[in-house]
Amino acid sequence: NAGVMQNPRHLVRRRGQEARLRCSPMKGHSHVYWYRQLPEEGLKFMVYLQKENIIDESGMPKERFSAEFPKEGPSILRIQQVVRGDSAAYFCASSPTSDYSGNTIYFGEGSWLTVV
Amino acid sequence: DQQVKQNSPSLSVQEGRISILNCDYTNSMFDYFLWYKKYPAEGPTFLISISSIKDKNEDGRFTVFLNKSAKHLSLHIVPSQPGDSAVYFCAASAGSSNTGKLIFGQGTTLQVKP
Numbered sequence: 478n479a480g481v482m483q484n485p486r487h488l489v490r491r492r493g494q495e496a497r498l499r500c501s502p503m504k505g506h507s508h509v510y511w512y513r514q515l516p517e518e519g520l521k522f523m524v525y526l527q528k529e530n531i532i533d534e535s536g537m538p539k540e541r542f543s544a545e546f547p548k549e550g551p552s553i554l555r556i557q558q559v560v561r562g563d564s565a566a567y568f569c570a571s572s573p574t575s576d577y578s579g580n581t582i583y584f585g586e587g588s589w590l591t592v593v
Numbered sequence: 059d060q061q062v063k064q065n066s067p068s069l070s071v072q073e074g075r076i077s078i079l080n081c082d083y084t085n086s087m088f089d090y091f092l093w094y095k096k097y098p099a100e101g102p103t104f105l106i107s108i109s110s111i112k113d114k115n116e117d118g119r120f121t122v123f124l125n126k127s128a129k130h131l132s133l134h135i136v137p138s139q140p141g142d143s144a145v146y147f148c149a150a151s152a153g154s155s156n157t158g159k160l161i162f163g164q165g166t167t168l169q170v171k172p
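Here the protein sequences come in this chain order: G and D.
The first sequence begins at 478 in this note's numbering and counts up by one.
The second sequence begins at 59 in this note's numbering and counts up by one.
Hints may be right or wrong, so weigh each one.
Estimated spans, in silico, between C-beta atoms of each pair [unchecked claim]:
(1) G:Arg491 <-> D:Leu69: 37 to 43 Å
(2) G:Gly480 <-> D:Thr167: 22 to 28 Å
(3) D:Asn65 <-> G:Thr581: 34 to 40 Å
(4) G:Arg541 <-> D:Lys171: 40 to 46 Å
(5) D:Ser68 <-> G:Arg561: 24 to 30 Å
(6) D:Asp117 <-> G:Asn484: 29 to 35 Å
(7) D:Tyr97 <-> G:Ser507: 40 to 46 Å
(8) G:Gly480 <-> D:Ser68: 25 to 31 Å
(9) G:Thr581 <-> D:Pro98: 32 to 38 Å
(10) G:Ser564 <-> D:Tyr97: 37 to 43 Å
Hints in this document: simulated from the structure, not taken from any laboratory.
Glycine included, every Cβ here is placed at the ideal spot set by N, Cα and C.
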């Protein structure tokens, strides 16, 4: 009974490299959300995806960041040409439907990106 | 523009006493509120929620109170236990948008002393 699985848990990248973070939602969940937590801050919504569709990307930075949730396989958050300010914890969450009641959104354990 | 605010970064409480964590919001469109608990290096875990049509919701040791006129909610934990020591996040959503977009506060670190 696996929960939301994120990998890698920790990732170190040099400035200018690409970072790819993967998220496998809970079984039966078709809605995926990505959040970012900067040091000493709360979680900030980035993007909401369903299979093969981006529903809401209002929290995504305009450049260098992209997300996908293909028909097969995990959701991927891609950060191109990383900068030090991208260092953060990135959390994925999933839910079975869009009519969530809060307690049906489950978070993964996060991926910690460090840019050196 | 912080729409959800937790003005107390930290709170220390003696075991067995009540812990009260507070949260204020500015957006009157929010209609669903949640509390999450988070341990270091882990993801947030859902604790309790409340719809804007209610003013109280209780689940075991946890009770959430909502004061819509004051745009304020609070989480009461009683009795507090050392295992409750964690960061607590308040979150809100405008359900009509239905996108699963939660707006989080900055968090309050609770320490329960034995």
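Unsatisfied constraints (hint numbers, rising): 3, 7, 9 and 10
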